Amino acid sequence: MAYTEDDLKEELKDKEYKYGFTSNIESDKLPPGLNEEVVHLISAKKNEPEWMLEYRLNAFRAWQKMVEPEWAHVRYPKIDFQALSYYSAPKKKGDVKWEDIDPEMKATMDKLGISMDEQKALSGVAVDFVFDSVSVKTSFQEKLKELGIIFCSFSEAVQNHPELVKKYIGTVVPTSDNFYAALNSAVFSDGSFCYIPKGVRCPMELSTYFRINEANTGQFERTLVVADEGSYVSYLEGCTAPSRDENQLHAAIVELIALDNAEIKYSTVQNWFPGDKEGKGGVYNFVTKRGICHKNAKISWTQVETGSAVTWKYPSCILKGDNSIGEFYSVAVTNHYQQADTGTKMIHLGKNTKSTIISKGISAGHSNNSYRGLVQIHKNASNARNFTQCDSLLMGDQCGAHTFPYIEAKNSTAKIEHEATTSKIGEDQIFYCNQRGIDTEKAINLIVNGYAKEVLNKLPMEFAVEAQKLLEISLEGSVG
Amino acid sequence: MTTVELTKKDTFLAALSPLQFNEDSYFEGLRNNAKNELAELDFPTSKTEYWKYTRLGKIVNNTYTLGQPDKIDITNFLIPNLEAHVLVVINGYYSPELSNFTEIDSVTLTSLSAAKKRDFEGLKKHFNQFTQDKKEIFLALNNAFHTDGIYLEVAKSNSVEKPYHIINISTGNNTLSQSRNLFIGNVGSKVKIIESFVNVGGEKNFNNHVSEFFVAENTHLEYNKIQDKKENNFSIATEQVYQEANSNFTINTATFNGALVRNNLNIEVDASNCETNLNGLYLGKNKDHIDNHTVVDHKKPHCNSNEVYRGVLDDESTGVFNGKVFVRQDAQITNAFQQNNNILLSDNATANSKPELEIYADDVKCSHGSTTGQIDEEAIFYLQSRGISKKGALKLMINAFAKDALERISIETLHEYIDAKIEEELS
Chain F
140 MAYTEDDLKE
150 ELKDKEYKYG
160 FTSNIESDKL
170 PPGLNEEVVH
180 LISAKKNEPE
190 WMLEYRLNAF
200 RAWQKMVEPE
210 WAHVRYPKID
220 FQALSYYSAP
230 KKKGDVKWED
240 IDPEMKATMD
250 KLGISMDEQK
260 ALSGVAVDFV
270 FDSVSVKTSF
280 QEKLKELGII
290 FCSFSEAVQN
300 HPELVKKYIG
310 TVVPTSDNFY
320 AALNSAVFSD
330 GSFCYIPKGV
340 RCPMELSTYF
350 RINEANTGQF
360 ERTLVVADEG
370 SYVSYLEGCT
380 APSRDENQLH
390 AAIVELIALD
400 NAEIKYSTVQ
410 NWFPGDKEGK
420 GGVYNFVTKR
430 GICHKNAKIS
440 WTQVETGSAV
450 TWKYPSCILK
460 GDNSIGEFYS
470 VAVTNHYQQA
480 DTGTKMIHLG
490 KNTKSTIISK
500 GISAGHSNNS
510 YRGLVQIHKN
520 ASNARNFTQC
530 DSLLMGDQCG
540 AHTFPYIEAK
550 NSTAKIEHEA
560 TTSKIGEDQI
570 FYCNQRGIDT
580 EKAINLIVNG
590 YAKEVLNKLP
600 MEFAVEAQKL
610 LEISLEGSVG
Chain Y
5 MTTVELTKKD
15 TFLAALSPLQ
25 FNEDSYFEGL
35 RNNAKNELAE
45 LDFPTSKTEY
55 WKYTRLGKIV
65 NNTYTLGQPD
75 KIDITNFLIP
85 NLEAHVLVVI
95 NGYYSPELSN
105 FTEIDSVTLT
115 SLSAAKKRDF
125 EGLKKHFNQF
135 TQDKKEIFLA
145 LNNAFHTDGI
155 YLEVAKSNSV
165 EKPYHIINIS
175 TGNNTLSQSR
185 NLFIGNVGSK
195 VKIIESFVNV
205 GGEKNFNNHV
215 SEFFVAENTH
225 LEYNKIQDKK
235 ENNFSIATEQ
245 VYQEANSNFT
255 INTATFNGAL
265 VRNNLNIEVD
275 ASNCETNLNG
285 LYLGKNKDHI
295 DNHTVVDHKK
305 PHCNSNEVYR
315 GVLDDESTGV
325 FNGKVFVRQD
335 AQITNAFQQN
345 NNILLSDNAT
355 ANSKPELEIY
365 ADDVKCSHGS
375 TTGQIDEEAI
385 FYLQSRGISK
395 KGALKLMINA
405 FAKDALERIS
415 IETLHEYIDA
425 KIEEELS
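Chains as they are written, first to last, in the numbering used here: chain F, 140 to 619; chain Y, 5 to 431.
It is worth saying that the hints were derived from the structure and are not from the lab.
Quick caveat, the model's predicted, so the values are computed rather than measured.
Among the hints, erroneous ones may be present.
To be verified - Derived EDC-like pairs (lysine to aspartate or glutamate); straight-line CA-CA distance at most 20 Å:
(1) Lys-75(Y) x Glu-53(Y)
(2) Lys-484(F) x Asp-461(F)
(3) Lys-303(Y) x Asp-536(F)
(4) Lys-51(Y) x Asp-536(F)
(5) Lys-51(Y) x Glu-209(F)
(6) Lys-493(F) x Asp-351(Y)
Given the sequences, and given the hints that come with them, work out the whole structure.
In structure tokens:
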């Protein structure tokens, strides 16, 4: 039987969420509601210093004055922020020996295919596992310490390296940056912290795995990566959540700081629960990700977005230093009733700054997939260069693909190119392959592969495998 | 007693209130609807996405006097060698003395106010049909307070060779005028229209203009718009276009000057096999601010649209391009192409570009491109190697870049005029 695009659509239609299990782990969870008391309580639970509490309270006060943004091309019922619980932690939080970890949790990690100690030799990836809001276990810490690399949960960092956290937190994403960033700054429970000292090239991929388990909780984690002068780090982030009928909120902040000559490569495979076929449930993914590049520094964002009911995410680069480079590679797949409004911002402030944006959107089912990007060349950013390409692929006549680029140039030496296309897999493309002796199934795979490869190639090897697995049908098939 | 502070809108409306219109109840009703709408609208702020890159302070903070009919010498505004029917609108009022055209059986041509007094079938059917529910304050202002303009209707299956040239003039200082046109191309007709927006001396005149186009089945309509208002004058122009099956609509917009120019071009393609061409050129100098917003709404299958807008921006000028292409779910097999190119000649110039695609149908080919940059160094070098001075080479390249945008103008003499004008403006 010939494999046609229709078959593929069928397959796509029935693709079920693989990570939709729940783990029965006892947890320590705050009752729903948000007020200053809750902020105090979270801070107290974490035994935080005064300045951290102050930081949270400032953010909370700013948040109270803000309104939810509505400009994104997504529709969802209003979130009742008082109905959410702002802290949930697995009860048996170990002082972590692997043996002490709740077997349920171990099983969870196994199911997720996360490498911890047993597998570390094999995979060579250091992992920080964030379960609901709390970091559970960080592997490889010792080995990294030898090089002076700090890689730990955010709360540990606040306790052990307050000077670093205090110096950098909120410098890229200020507390009052936007509605969700302010909310996160007020109630963030944990996350990851990473510091690479001067001139050190991190020998392995650092990785965080996020999982929402509890019902009716919001997950608010925070990642702060500081690459000191001349250092290099590759950082991975993965996310899953159980299938639930209610919507869950995930509002994270990621801040990257690349000092002079440093390079940060940040890769995400986002596979939050996207909701079921009828569009019920799923995660609201409202994330603020931003990095700042000092002189000659480079930040590269790579993301594979397959999950979440609603995604609202713009990993950005502030190219502050001269000769700095920002990159953004993205594959966003939406199916069923998913909605994604994602893209990037490249703010060129320094001279000779360069940015590249490659965005591939694939929409199927009843989904809507939007690219929204900003390229801004400031007055002093002479010889700035930007290249943007965003392609959208439509599968089925019920979905939508949209492009909203903002291009602002204030310097006469700026060179900006933007290109976008929207199409489906052309009959002529398939016909061309056919007449070269490639059957339709292979042809679709070929076209789809070619379509996404440009981005998948940018992922670190370990992640590329996972990403490919994740996109198995939805990417290999539909895209092209 | 409390004093109520008047908002900018209140002041604006107060200035317009002396206007009296002796119209029948139907048209009065339309004006009243718009007035009710105005009660709920306000001037856009920096937060209004639709006006993101254009600050309206210059327009709304000014105090205006209402435009009055006037008589001036129009020789300077005629296009050399162009054989055309000439129609003159001054400060929003049609001027029969200055107009010069021959009556043709197949064309109904009068001022809009005169048309309202006679019972034209086309007028009631199409007037104000596509400008309702847009919730745009300037559109509502025009709907409620427009004075006069041109009514042009081409009868079925008639092809009119000689183009119509409308000269829309502002005179005086701080003059507020609101002109309004309605163009109807009936089934199988063909017509070409030129409209120039100019001024005679005077500062801070504001013309809030609206043109409506009804392009029926198998009709070809070409509209060429020349904006050349000097000395710190403001214009906001809205074109509302409705296309029926197999029709062809082309608009060429050339903006040579303007302290603040905003063009809102909305094209509704509500039938199959239509072709739509939108081309624009904007040349910014000094503190010019030129903003082009276009919307092409593809509602039915098998349509093509082409859009090319080009800008050359010098000194402290700002160019804005915001193009939107909608492809609705039914509009399969749509080809939509959109392009915006900008050249910045000065470090104080700004180019803002926002080409948008919103697509809900899968069997489409839609693409857009946007570039901002300089003239290709290698091309300059090539010309230099052929013995052309660097300055000459640059001029040649910029001229070519600019002229390219308006290639689709089909009226030869107009084309020549615009090319010459481009060279003059860029020198």
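Tested hints:
no., hint, result
1, Lys-75(Y) x Glu-53(Y), "violated (40 Å)"
2, Lys-484(F) x Asp-461(F), "holds (18 Å)"
3, Lys-303(Y) x Asp-536(F), "holds (14 Å)"
4, Lys-51(Y) x Asp-536(F), "violated (34 Å)"
5, Lys-51(Y) x Glu-209(F), "holds (12 Å)"
6, Lys-493(F) x Asp-351(Y), "holds (18 Å)"
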